[in-house]
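S.K.: Build the full structure now, drawing on both the sequences and the hints.
Keeping their order, the protein sequence lines are chains A and B. The opening residue of the first sequence carries number 1 in our numbering; numbering runs sequentially from there. The opening residue of the second sequence carries number 165 in our numbering; numbering runs sequentially from there.
What the hints contain is simulated information worked out from the structure, not anything from laboratory work. Any given hint might turn out to be false.
[Claimed, not checked] Selected chain A positions facing chain B (Cβ under 7 Å, derived; list incomplete):
#1 Val30
#2 Val35
#3 Cys39
#4 Pro87
#5 Glu89
#6 His123
#7 Ala124
[As the list claims (entries may be wrong)] Listed below are several chain B residues computed to face chain A (Cβ distance under 7 Å; list not exhaustive):
#8 Leu171
#9 Leu175
#10 Tyr178
#11 Thr181
#12 Arg189
#13 Ala415
#14 Arg417
#15 Val420
#16 Glu444
[Unchecked claim] In silico negatives: residues of chain B with every beta carbon more than 10 Å from chain A:
#17 Glu172
#18 Ala176
#19 Arg179
#20 Glu393
#21 Glu399
#22 Ser402
#23 Arg406
#24 Ser409
#25 Gly425
#26 Leu431
#27 Ser440
#28 Val445
#29 Asp447
From the three backbone atoms N, C-alpha and C, an ideal C-beta is built for every residue, glycine too.
Below are the chains, spelled out letter by letter.
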Amino acid sequence: MQPRVTNSVMTEEFEAFVRVDGERLRRVLVARYGVDVGCDAAAAALAWAWEHWDRLSGMANPAGYLYRVGQTHARRALDRAHLVTFPVERLAPSDDASGPDANLAAALKALPERQRVAVLMVHAYGWTPSEVAQITGTPAVTIRSHLRRGLRQLHSSLSKGTQR
Amino acid sequence: MSRTANLEVRLAAYRSTLDSAIAERSATDTSKLDDIVELDVEPMGSRRRPGRSGLLVGAAGLVIVGGLATVLELRDRPADDPSSPASSMPTPRATNVEETADTVTEGTSAPANTAPASTIAGSGTTPRCPADTGTVPTGTLYLGGPPSAQNLAATGFIFSLPSGPPVVDIALQAIAMPVLGLECSVDAVSTLDPDVITVNVEPPATPRPMKLTVTVAERDGTAGAVAIEGSTQFETGSTDLRLTSSIPDDAARLQVRFKKGEDVWELTVAPTDTASIALEVPDGETDRFPSDPVDWVLFTVLDEQGRVLDAGGRVTGV
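M.R.: Next comes the structure, spelled out in structure tokens:
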């Protein structure tokens, strides 16, 4: 590893990147791996980005590359028995008769990772399938397919939960 | 309306829940030191004087590095070293400025960590070494994140001079461990460029939320920590330590260190056996200073992974 002396221009570029793409990266990794592992993976990816900024800044899709870096970190974390976690849904006061509803979090957790990314990024965060496709390096048509199947499965899971 | 229309509305509303959880989780993230390990440095008001703020900043920094140096030292001790039994360990030592700086700049490395791990590798700039010395006096190292004065955890840590009462050196491993964790090894190597040190942390640091209040005072003209307070209430006597409340549920063991005469001793206690912990030299060891009082005591509450959950302790006679 070559030591490196930082400079202010590099720092500003990196910080600008983190402000925009860092947050996008965190959300998509959380969508895929849950809050705990996803946040850790995003932090690790950004740390990697800082260390390799010279290389990364010249890439066409640095956020997409960092998504892969984050995936590597997340898989290691999952191998070490870290859990995929999603917060319990907060209900509106009018719906709050039965207290917090854990069904959505559980149903999301049960979805396949790629379907979960598509569902959460499109319907929770309002991304287009093309935007999801860009950061995940997956064709948009595949994202749409994951989205359809993910929604269907989520609906099915929640319906079963309601009927119980 | 499609079958999933209500679900889509529900997912859109879930965004705020998810963002809150991310924000909460990120509070222990690498970019917000204050939320990782919050240091409330409380100077003794009556002793405050102009120029004190810089001193306190330095003290906060040395707290962190004192801890880091301790981590390095602990990791450097081979597991089969007969001088380092798990339950008791005489550690007469004085971590002074030169020792700590050498530890870092000359690359005294930790033993290989067998945990599956990636490497966060980074380098950082430090002030130039003083002429004719091989040590870096003070500065900031960055482990792969944007520089800031309080950039700790995976993205860096503060590198400063430890000094003051020895409790600083011992106690503030409680600062470093939540950040680095016992399972992390830290490897720092000097380079030909005197301004640059290369640092590796394996596996990447895992920040933990913990708040400690460090009380700083002067003794013999030197500022240092005289008390550390976490959430666990405690009382210290001349011969015992009593934890009176709030031991975290996930505590697996308790480490107690105390200084008697010139020796520092370490005891390991089960968290269920903390009503009154006798500050006595462990069986089989020799108390070289039987008539000396306990100078200071520090406890750290650890979980099963060896991460610090809480800490506290006091220096006596200040």
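S.K.: A closest beta-carbon separation below 7 Å is what the hint needs, so does threonine 181 (chain B) meet it against chain A?
M.R.: Holds. Min distance 5 Å.
S.K.: With chain A as the partner, please determine if valine 420 (chain B) meets the hint condition of a C-beta pair closer than 7 Å.
M.R.: violated (30 Å)
S.K.: Using Cβ atoms and 10 Å as the threshold, tell me whether valine 445 (chain B) really stays out of contact range of chain A.
M.R.: holds (39 Å)
S.K.: Identify whether the interface hint at valine 35 (chain A) stands, where standing means a beta carbon of chain B within less than 7 Å of its own.
M.R.: The hint holds - valine 35 (chain A) has a Cβ within 7 Å of chain B, the shortest such distance being about 5 Å.
S.K.: Holds or violated: leucine 171 (chain B) as interface residue toward chain A, Cβ cutoff 7 Å?
M.R.: At 5 Å from the nearest chain A Cβ, leucine 171 (chain B) passes the 7 Å test, so the hint holds.
S.K.: Glutamate 393 (chain B) clear of chain A by more than 10 Å, beta carbon to beta carbon?
M.R.: holds (28 Å)
S.K.: Could you check if alanine 415 (chain B) really has its C-beta closer than 7 Å to a C-beta on chain A?
M.R.: violated (20 Å)
S.K.: Verify that the Cβ of leucine 431 (chain B) lies farther than 10 Å from every Cβ atom of chain A, and report whether the claim holds or is violated.
M.R.: holds (30 Å)
S.K.: At 10 Å, judged by beta carbons, does aspartate 447 (chain B) keep clear of chain A as stated?
M.R.: holds (37 Å)
S.K.: Please confirm whether alanine 176 (chain B) is truly not at the interface, meaning its C-beta sits more than 10 Å away from all C-beta atoms of chain A.
M.R.: Violated, because the least Cβ-Cβ distance between alanine 176 (chain B) and chain A comes to about 6 Å, which does not exceed 10 Å.
S.K.: With 7 Å as the cut and Cβ atoms as the points, is cysteine 39 (chain A) at the interface with chain B?
M.R.: holds (4 Å)
S.K.: Using Cβ atoms only, decide whether arginine 189 (chain B) comes closer than 7 Å to chain A, and label the hint accordingly.
M.R.: Nearest chain A Cβ about 4 Å off; hint holds.
When each numbered hint is compared with the structure, violations occur for hints 13, 14, 15, 16, 17, 18 and 19.
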